[in-house]
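Student: Sequence:
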Amino acid sequence: MATKRWLGYSDETIRGLCKKYLASGFTAFKIKVGQDLESDRKRCQLVREEIGWNNLLMVDANQTWSVPEAIDWMKSLKEFKPLWIEEPTSPDDVLGHAKIAEALREHGIGVATGEMCCNRVMFKQFMQANALEYCQIDSARIGGVNEILSVYLMAKKLNVKVCPHAGGVGLCEMVQHLQMWDFCSVSCTMEGRMIEFVDQQHDQFTYPATINEKACYIAPTAPGYSTELKESAIEQFDYPNGTKWQRICIISVGHDGDFRIWHGIGDDDPPTSCVGEHVWSALQYGDRVLIATDLNTVQAYKYPSLDKDGIEFRFTAYATSIVKNKRFIAAGSEDATIKVHSIADGEQFELENLGGPVLSMDVSKQDLLAASIGNGKLCVWDMKTKELKKTFEGLAKVKSFEAVLNFASPSFEPKTGAMLAYPNGKDVIIVSTSSWEIVKKLVNPSLTSELTVCNYSPMGDYIAAGSETGELVIWDCDTRKPIDGASSFDANPVTKIAWNPKNNGELAISDGNGQVGTVTDIFIDGSEDDELNAGDIVEMTEKEEDNANDDPLDDLYGVAVGKGKGKKGDESEPASEDDDEDNENCIELEKLKSQIMGGTQASRDTHSEMDDEDDADRATVRSERVVVPKSYPQQQPFQPGASPHVNEHCYLVYNHVGIVRRHATDKENSIEVEFHDSQQHHGIHLNNYLNHTMAGLSETVLAMASPAEDGNASKVVCINQAAFGKREWSYTMPGFEEIVAVTASDKIVVVATDSRLLRVFTARGTQREVVSVPGPIVALAAYGDHFLVAYHSAPASEDQHISLMIVTCVNFKLRCREVRVPLTARAELRWLGYSDRGSPIVYDSLGMMNLYHASSNLWLPIYHADNLPSKGASDTLHIIKVSESTQDVQLVLCRGARYPLTNPKPIPMEVKFTLPICDPDSEKDCLEDELVRSLYLKVNDADKVLKETAVKLFALACKHESEQRAKELVETIASSQLIPLVIKYASKIRRYHLADSLAPLLPTFQEQENQEEKLEQESVRENVAIVSELQHINLEAVTKKDTTPKIKPLPVGTKRASNPFRKSALAANGSDPSSSPASSSLSSKNGSSSSNPLEHLTGKAIGFGSSSTAATRKTAAGEDDSQDENRAQNGVSNGAAGGTQGGLKFMPWFEQNRTELQGRHPELGESELIKIGMREFRTQQQQKQPATAEPSSSIADGGSTPKLSAEKRKLDETDRPESGVSKLAKFGFVKQG
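Take the sequence shown: its letters are residues 252 to 1484, numbered as in this note's numbering.
Any given hint could be a false lead.
To be verified - For each label pair, taking beta carbons as the anchor points, the in silico distance ranges come out as: (1) 983 / 469: 52 to 58 Å; (2) 687 / 979: 36 to 42 Å; (3) 1050 / 323: 51 to 57 Å; (4) 356 / 459: 34 to 40 Å.
To be verified - Think about it this way: if two alpha-carbon atoms lie no more than 25 Å apart in a straight line, the pair counts; the simulated BS3-like pairs of lysine-lysine are: (5) 1132 / 1189; (6) 577 / 666; (7) 1195 / 1218; (8) 1175 / 1195; (9) 648 / 628; (10) 732 / 692; (11) 640 / 666; (12) 691 / 666; (13) 1122 / 1132; (14) 677 / 691; (15) 966 / 977; (16) 412 / 465; (17) 640 / 577; (18) 1396 / 1265; (19) 1064 / 998; (20) 293 / 283; (21) 1198 / 1235; (22) 332 / 271; (23) 648 / 692; (24) 753 / 481; (25) 293 / 326; (26) 650 / 628; (27) 1195 / 1210; (28) 1218 / 1239; (29) 977 / 998; (30) 753 / 553.
Please keep in mind that the hints were generated in silico from the structure rather than gathered at the bench. Positions of the beta carbon are idealized from the N, C-alpha and C atoms, including for glycine.
Could you put the whole structure together from the sequences, leaning on the hints where they help?
Tutor: As structure tokens, this is what we get:
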């Protein structure tokens, strides 16, 4: 049943609502009646025209009639056939309802009531008196569920239909449970029963009520009463501390000692409390308000009750200014001192002897304090180090705060604090807080007097400034141009400007006479000349307010009268809202005063005295509010695999390597590290002295990060797991950077800071690159030499606009690819990481997991949380590991929670990838699923699975008489290895036409593969050539620099020990018997007859290649290369010997053996033949056989080669032992010319 609600709707609105709900599937409609009979008849006729006569119509009078009036009224509406009249008279008049029901029963109109009844006794009386036919329980008003169930049972016994009332917040969520229980357990019918549905406020609930396309409630899947409010709803609407209650107020204080809270400028009776004889300044934040009174103290009060809550500061004179950010509260005084209080540790320090009274102050997010002093200076301090950073001179001087006209109020840029603005003369100076150089100067030539105050807008896009004569000017910071010009009026100086924190183009100002007013429509200009500014205005209003904004107006839209000697006058709404008049954004205080003091009379006379000039003058200020587009918050930074660190026991990280828990209780503050593989690493227990709140864990390093708090800078600490000596290293973030995310792999550690910087370290603690990120950072992840950076690439709308930087570390070089993250609509990023094969993975809050395929630059959906049968509506998944090789996900199912429990330890489970294919139960779709997995996922045996699946799909297509689909499949895969298989299969099943059509594809695919292989080989050859060239250059450089032979020790294991007793082939064939066995063997192997038994050592030890050219020439000439044993020798290197075997490349070898290979494999094509030849070539190379010496015999014999004789021989009598001189001579070297 749809309710179209109030009497004030126009006919067009009613028609539109009828059409909307008809299109949504509703068949029952209810409208309000009781205003006047003719109007009700007209409305009923209009609704009937829209919904027709086959749908139901109900009317609701909301207790407006007497009994006789109700009867007569409804008889006049009977022609429209209403099903019931709801609450026709007083809700507790049982007999009156009975009389109405009896009178209307013959006209087919029933009586419905009960939403005001709060117990079962009232319902019993109504039912026993036949006073209602439709029982409308209100689940929020009646006394609990048990009371409601008793009403249902009475209604069943007395045959009364129950149609619950559901017009309020949360009622739809509650009554759906009750009515479904009635259908299942009590009445067991839906005849004559329905549930009211009002489409409002459902978005404030965690489990909102929903309807389907037939306008029927969808049964809830979560346990409970569906009344759990979202945390955001509680934060906004919690009274009185909710943001919705606080941000609609203006606070003002003045010389009269009153503290006022204004609920809008038209509030005629604001709550007022007298807190002293004089009040000089005030600051409200959270549930506290600080007020500077005439007792020379800053008194703290509870807000809004104003109960005293202690004294924050004491001075020797009254305090003039109070400011605050997240870490410090500061107050300045007439006695030329500033006192600063640290919120974290309670420490308090003073800045003394400033040279004059403190006029105005402001603090930045970077803990900088700026104060304008009466001696004509503007000073800036760093509150962390108590250091004076900068002093600006040339401002107006004043001896007393009460006599000041020019406050020179400083204002930091609210988002980052990177800029500081202050008025100087008729200009607003903007300086950089890093270099302290002037960045901008805002000028308005039409100003007639010097500026006194200025203030940034909440988003930092605009600056408003007021002058000594009451002129108000707003500049656009980007264009440096004022929004509108200024005019000169005789008015009071502006003492304070406060922007509405909603950033809706509204600000409040106070003047030296104690008046407070508001200026609206700052971002909207009605003139045709400024229509181009509309885009900028909309863009500004759509920007999200910074959650960490440290402005004291974060929680309240506040104005404090800095120098007020008069009491605030009566205030009312503006005098007129003339839409034809241009909006003036340079407003004079005289106009505001006339608006405030005479607005009520002007408002009454606007329509009757439009020609009156005085009233027209009072109507120059528009007070209607800007319609601000809905803003959406950006997702805050998070650690994948972590739970909120605000809990006493939380996970800093829970991933595939191990678990890092943090315990922060009154008795303990520690970190516990547990590894899944306890054989590789032992557990660690650490005292959390630095209060680490983030961690990253890999096989080799544990990285922990702490925020900046208690005056300590943010810091990263890492502990190596597989290192000797000093295992721990750390770095402190410079300046005001605070770590927001950290990640670690086995090779790198990456830290992200709130300055949008990435700091890269090696796993052993070497600083690497510092990289800037073009947006707020969301999360990090790392794998080997790679890491991921998720960041906001655009302001949030209904969706989060997150991009991903995929960075690869190549030595000391970074390579980056940037892609957009595919989040589900209205979802947030929940997990970021890599698979076991190095593919980036993202998982969002609505349960969708996507894998990034790098070569195709595409995201592939691989799993959805709804595929888990045991998952409930309130359950979430905590991702631990994604295994791409085995295609499964390791996770923890969190029952009714967002994060897993820390105690007891949760038990992980594994689920398989589930690609969202159509008709997953059919054989064809299952095979297609396997085909896609083998093509795009790095699964085990991907090539084998691809071929098998392709052949099965080909066979299935042939089976279903889909030859074109079969051919299309082969053409799509484009594999030459697949062609013979499918041709053979097609011929086997006698589909010769299909086989003939596939045959021409083979050379095409082979050519494509050959081209790809050539490109790959060329790339390999280029790389090898580069390496060889580098080696040659290095060797040449060495030989040129120093020609003295130098012994280079061989790496261990690179040279096999020779057997001195092994017969060489040459010795067996009658070689020189005087040579040693080792030398004979070497000579036989290298083709050299050198008699030096250590020739193999000396050549390599010296580091030369084939440098023994003389010996080579002797051998070529047939000369005897035997030498005197007492002569020093330089043996030839193995490089020369390798000229036969190692120098031969694959392609010459293949050309020599092509005939033999084709003879052995006649059925194979060119590409397959090359692959088989390459395998044999590599086998021969590994066995160190001379494959190219006798290729024909090698192939014919099945790849066998002649083997040397392994028989041992006895020492002949003719063999004589070597003398000592002979042995020593073999270690000598002769420098060859």
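Student: Indicate, hint by hint, whether the structure satisfies it.
Tutor: Here is what the structure says about each hint:
1. Remark: the range hint 52 to 58 Å for residue 983 to residue 469 is upheld by a beta-carbon distance near 54 Å.
2. About 38 Å separates the C-beta atoms of residue 687 and residue 979, a value consistent with the hinted range of 36 to 42 Å.
3. At about 56 Å, the CB distance of residue 1050 to residue 323 agrees with the hint of 51 to 57 Å.
4. For the hinted restraint 34 to 40 Å between residue 356 and residue 459, the CB-CB distance of approximately 38 Å keeps it satisfied.
5. Between residue 1132 and residue 1189, the direct Cα distance comes to roughly 15 Å. Compliance with the 25 Å bound is thereby established for this hinted pair.
6. A hinted pair counts as satisfied when its Cα atoms are at most 25 Å apart, and residue 577 with residue 666 qualifies at roughly 13 Å.
7. A C-alpha spacing of about 20 Å is found between residue 1195 and residue 1218, which places the hinted pair at or below 25 Å, so the restraint holds.
8. For the hint pairing residue 1175 with residue 1195, the CA-to-CA distance comes to about 19 Å; that is within 25 Å, so the pair holds.
9. Between the alpha carbons of residue 648 and residue 628 the distance comes to roughly 8 Å, so the proposed pair stays at or under 25 Å and holds.
10. Between residue 732 and residue 692 the alpha-carbon distance is near 10 Å, which keeps this suggested pair within the 25 Å criterion.
11. Straight-line distance between C-alpha atoms of residue 640 and residue 666 comes to about 21 Å, which keeps the hinted pair within the 25 Å bound.
12. Restraint check: the Cα-Cα separation between residue 691 and residue 666 comes to about 18 Å, which is no more than 25 Å; the hinted pair holds.
13. With a CA separation close to 18 Å, the supplied pair residue 1122 and residue 1132 stays within the 25 Å bound.
14. With a C-alpha separation of about 14 Å, the suggested pair residue 677 and residue 691 falls inside the 25 Å cut-off, and the hint holds.
15. Between the alpha carbons of residue 966 and residue 977 the distance comes to roughly 19 Å, so the proposed pair stays at or under 25 Å and holds.
16. Proposed proximity of residue 412 and residue 465 is supported: the alpha carbons are some 22 Å apart, at most 25 Å.
17. For the suggested pair residue 640 and residue 577, the alpha carbons sit about 20 Å apart, so the restraint of at most 25 Å is met.
18. Proximity of residue 1396 to residue 1265 is assessed by CA-CA distance (about 15 Å); at most 25 Å being required, the pair is judged to hold.
19. Taking the CA atoms of residue 1064 and residue 998, the gap is near 14 Å; set against the 25 Å cutoff, the hint holds.
20. Only pairs whose Cα atoms come within 25 Å are accepted, and residue 293 paired with residue 283 is accepted, the gap being roughly 12 Å.
21. Among the hinted pairs, residue 1198 with residue 1235 is consistent with the structure: their alpha-carbon atoms are about 14 Å apart, no more than 25 Å.
22. For the proposed pair residue 332 and residue 271, the alpha carbon gap of about 22 Å is at most 25 Å, so the pair holds.
23. A distance of roughly 22 Å separates the Cα atoms of residue 648 and residue 692; the hinted pair therefore holds under the 25 Å criterion.
24. Under the criterion of a C-alpha separation no larger than 25 Å, the hint pairing residue 753 with residue 481 is consistent with the structure, at around 21 Å.
25. Between the alpha carbons of residue 293 and residue 326 the distance comes to roughly 15 Å, so the proposed pair stays at or under 25 Å and holds.
26. Note on residue 650 and residue 628: the hinted pairing holds, with a Cα-Cα distance of about 13 Å set against a maximum of 25 Å.
27. For the hint linking residue 1195 to residue 1210, the alpha-carbon distance of about 23 Å falls within 25 Å, and the restraint holds.
28. Annotation: proposed proximity of residue 1218 to residue 1239 holds, straight-line Cα distance about 16 Å (limit 25 Å).
29. For the given pair, residue 977 sits about 17 Å from residue 998 by alpha-carbon distance, which is consistent with the 25 Å threshold.
30. A distance of roughly 24 Å separates the Cα atoms of residue 753 and residue 553; the hinted pair therefore holds under the 25 Å criterion.
Consistency with the previously given hints is maintained throughout, with no hint failing.
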